[in-house]
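Chains as they are written, first to last, in this note's numbering: chain B, 1 to 350; chain X, 1 to 222.
Don't take every hint at face value.
[What the hints assert, rightly or not] Calculated pairs, PhoX-like style, for lysine-lysine (alpha carbon to alpha carbon, straight line, at most 20 Å): (1) K64/X / K174/B; (2) K10/X / K173/B; (3) K154/B / K32/X; (4) K140/X / K153/X; (5) K177/B / K138/B; (6) K163/B / K21/X; (7) K32/X / K64/X; (8) K153/X / K154/B.
[Stated by the list, open to error] On the chain X side, residues computed to face chain B include the following (Cβ under 7 Å): (9) E9; (10) R11; (11) A13; (12) G19; (13) F38; (14) A80; (15) F193.
Simulated from the structure, these hints should not be mistaken for lab results. Built from N, CA and C at the ideal position, the CB exists for glycine as well.
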Amino acid sequence: MRIFKLKIDFVYIAILSIFLFIYSCFIYALTSHNIAEAINDMVKGHILAKLFIPVLIAAALLYLVWKAIVRHIMKPVKKIAEIAEEITHEDLSARVDIKNPNKETKYLISAFNDMISRLESSFKYIVESNSYIAHELKTPIAIIRGEAEIALKKERDNEEYKKVISIALDESKKMLKTIEDLLLLTKMTYRPEFLNFENIDLNQFLNDIFEQSKILTAEKNISVDISVPEMSERVKADELSLRRLFFNIIDNAIKFTPQNGQIKIDVKYQKKKAIVSISDTGMGIADEDIPKLFDKFFRANKEKNRYASGSGLGLPITQSIAELHKAKIIVKSKLGKGSTFSVVLPILSH
Amino acid sequence: MRILLVEDEKRMADFVTKGLKEERYAIDVAYKGEDAIFLIDVNPYDLIILDLMLPDTSGLAICKHIRNKKMDTPILIITAKDSVRDKVKGLDFGADDYLTKPFSFDEFLARVRALLRRKRADKMSVFRVADLELNQLTHKVKRADREIDLTSKEYALLEYLIMNANEVVTRTMISEHVWNEEFDSLSNIIDVFVNHLRNKIDKDSDKPLIHTIHGAGYILKE
Chain B
1 MRIFKLKIDF VYIAILSIFL FIYSCFIYAL TSHNIAEAIN DMVKGHILAK
51 LFIPVLIAAA LLYLVWKAIV RHIMKPVKKI AEIAEEITHE DLSARVDIKN
101 PNKETKYLIS AFNDMISRLE SSFKYIVESN SYIAHELKTP IAIIRGEAEI
151 ALKKERDNEE YKKVISIALD ESKKMLKTIE DLLLLTKMTY RPEFLNFENI
201 DLNQFLNDIF EQSKILTAEK NISVDISVPE MSERVKADEL SLRRLFFNII
251 DNAIKFTPQN GQIKIDVKYQ KKKAIVSISD TGMGIADEDI PKLFDKFFRA
301 NKEKNRYASG SGLGLPITQS IAELHKAKII VKSKLGKGST FSVVLPILSH
Chain X
1 MRILLVEDEK RMADFVTKGL KEERYAIDVA YKGEDAIFLI DVNPYDLIIL
51 DLMLPDTSGL AICKHIRNKK MDTPILIITA KDSVRDKVKG LDFGADDYLT
101 KPFSFDEFLA RVRALLRRKR ADKMSVFRVA DLELNQLTHK VKRADREIDL
151 TSKEYALLEY LIMNANEVVT RTMISEHVWN EEFDSLSNII DVFVNHLRNK
201 IDKDSDKPLI HTIHGAGYIL KE
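One chain only, chain B, in its complex shape (with noise of 0.2 Å):
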C-alpha cells in the first residue's frame, strides 16, 4: 500500500514535470529573437539537458506544496469523518470543534453539528417514548398477571372469578386506549394529511357539542351553558379532530369539577380569531403544574399527572390538534376555584 502511495507520487511529480517543461519551452521560444533556432534547440534536445534538472525540482517541490495545502484544507474534513465514527446510537453528544476554520469549513461543520443535534433529539424521543409505553403498558399487565396468579391459587367462589375477569376486562381496555392514544398522536405529527380540511360553520358546530355535553354532564349534576355571538363565523377544520379537541377539554373539566358544578362554554369572535373559553368549577391546577399540561411524558416521568384522563395522551392530542389547526390554547386556573381553556382559532374572511 505504501509503496503504491509513492509509486503514485512519482506519477503526479512526472506528470507536473512534462506540464512545467512545456511551459518552459513555450516561454524559451517566445522570449527568444530566433523562433526557428529556438525550435532547433528544442528538437535537438539541447533545452531537455539544460532544464531537467531544475523542471524536476520545480515539480516536486509544487508538488510538495500543493499537498501541503490539500492536507491543510482537509484537516476538518478528516475530524468530521472521525467524530463520525465516533458516533453511535448510544451516544450521540459529539460535536465538531474547530478553531478559526475559514467560512466554507464552517458551514460543512454546523451543518454537520446540526444533523447530530437532530438525530440526538429524535433518539432522544424515541428512548422516552419507548419507556413512557413501557411504564403505561406494564401496569395494566402487572394488574392482569397478579390478579390471575392469585385467582388460581387455590379453589374460590364464582364472584370472586367474576370481579377477577371484569379487572382484566377493565385493564386491557386501557391497555388498547394507550396503544389507539400513541398511534393517533404519531399519526398527527408524521402524517398529517390525513385530516381533511374543510370550511366549518363555528356556531352551529359549538352548539351540537354544547348539546352532547349536557349527556356527558347528567351523571355528575352539572349545568353547561353556552354563549355564542349572534353572527356565526366559519373556520377551516378538519371536524372529527376538532370535535376532539373540545371533547378533550370537556372531559377534562367534567373529571374535575364536583357534584353540581357548572362548565361555561363562552365564544368570542373577533377580526381574525374566533376565542373559545372552557370554564369549570373544579379543582384547579397549581401554576407550576400548567407549562406541563400537555407534556407526554410529564406523567411518566416525574409525578403521575392527576389532570391527564384515562391514557395520560389525552391533552397531548388536544395540543397536536391544535397546532395542525394553528391554534392555540391558554391555560388559566387558580387553584380550588375552577380552571379555563381558551382556544383561540383563526377565522376564515368573508
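Knowing the structure of chain B, use the given hints to seat chain X on it.
What follows is chain X alone, placed relative to chain B:
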C-alpha cells in the same frame, strides 16, 4: 409479620394486599407518600414494600426518610421502571431488593419471605420448639407429628411467638407485628387469640409451650 405497602395504583394495591393477606401477613396500605411516612413513624414494620412513583413524593424520598431515621426495616421496591440506572439508584438509596412490574406473584412472595428472614441467623423456613413445628412455606403447623388446623390470625400469632421463641413478647409487640392499623388497642383480642392458640397447641400435651408472664406478656418456650 406486619407489612406496609406503599402503592398509589388502587388495583395494584388491592391484589398485592389480597395475596399477602392469604399468606397470613398483616398489611397496611398507604396510597400517598405523606401517609406512608406517617405510618412508618408510628408503627414498627417488619417489611416495607414501596412503589417508586407516587402522586406526592417519590419512593426514593421515603427510602431516604427510613434510612435517615436509622431504621433497618427491609425495603422491597416494586416498580415499572426497569433500567439499570433506576435499579442502582433504588438500591443505593437504601432499598434491600428491587422487583419490576409485572412480576410473578410467587417470586414476589419468595422475596418477601427472604427479606423477612434476613435478620435471623438460621435463614430456615421451618421453626421448631420441642415437638412443635411451623413451616412458613406450607403454613402447616404440627405438634408431635400431628397436624394442627389454625386460622390466619392464630397462625400469624404463633409465627410471631415462635420467631421470638424463648423471649418475652409484650402485648404491644404482638399488636404491632401481628395486627394492622385496624387493631383496637382497648380490646382484649390478643388474650382471646392466645387462648384459642393454647387450646389447639397445648391442650392435648402435658408439656405446655405458651406461658403467660404476668404484667409483661407471653413467652413460647419448652
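Outcome of the hint check:
| no. | hint | verdict |
| --- | --- | --- |
| 1 | K64/X / K174/B | violated (33 Å) |
| 2 | K10/X / K173/B | holds (17 Å) |
| 3 | K154/B / K32/X | violated (32 Å) |
| 4 | K140/X / K153/X | holds (14 Å) |
| 5 | K177/B / K138/B | holds (14 Å) |
| 6 | K163/B / K21/X | holds (18 Å) |
| 7 | K32/X / K64/X | holds (16 Å) |
| 8 | K153/X / K154/B | holds (19 Å) |
| 9 | E9 | holds (6 Å) |
| 10 | R11 | holds (5 Å) |
| 11 | A13 | violated (10 Å) |
| 12 | G19 | holds (5 Å) |
| 13 | F38 | violated (19 Å) |
| 14 | A80 | holds (4 Å) |
| 15 | F193 | violated (24 Å) |
Consistency note: the structure conflicts with the earlier hints numbered 1, 3, 11, 13 and 15.
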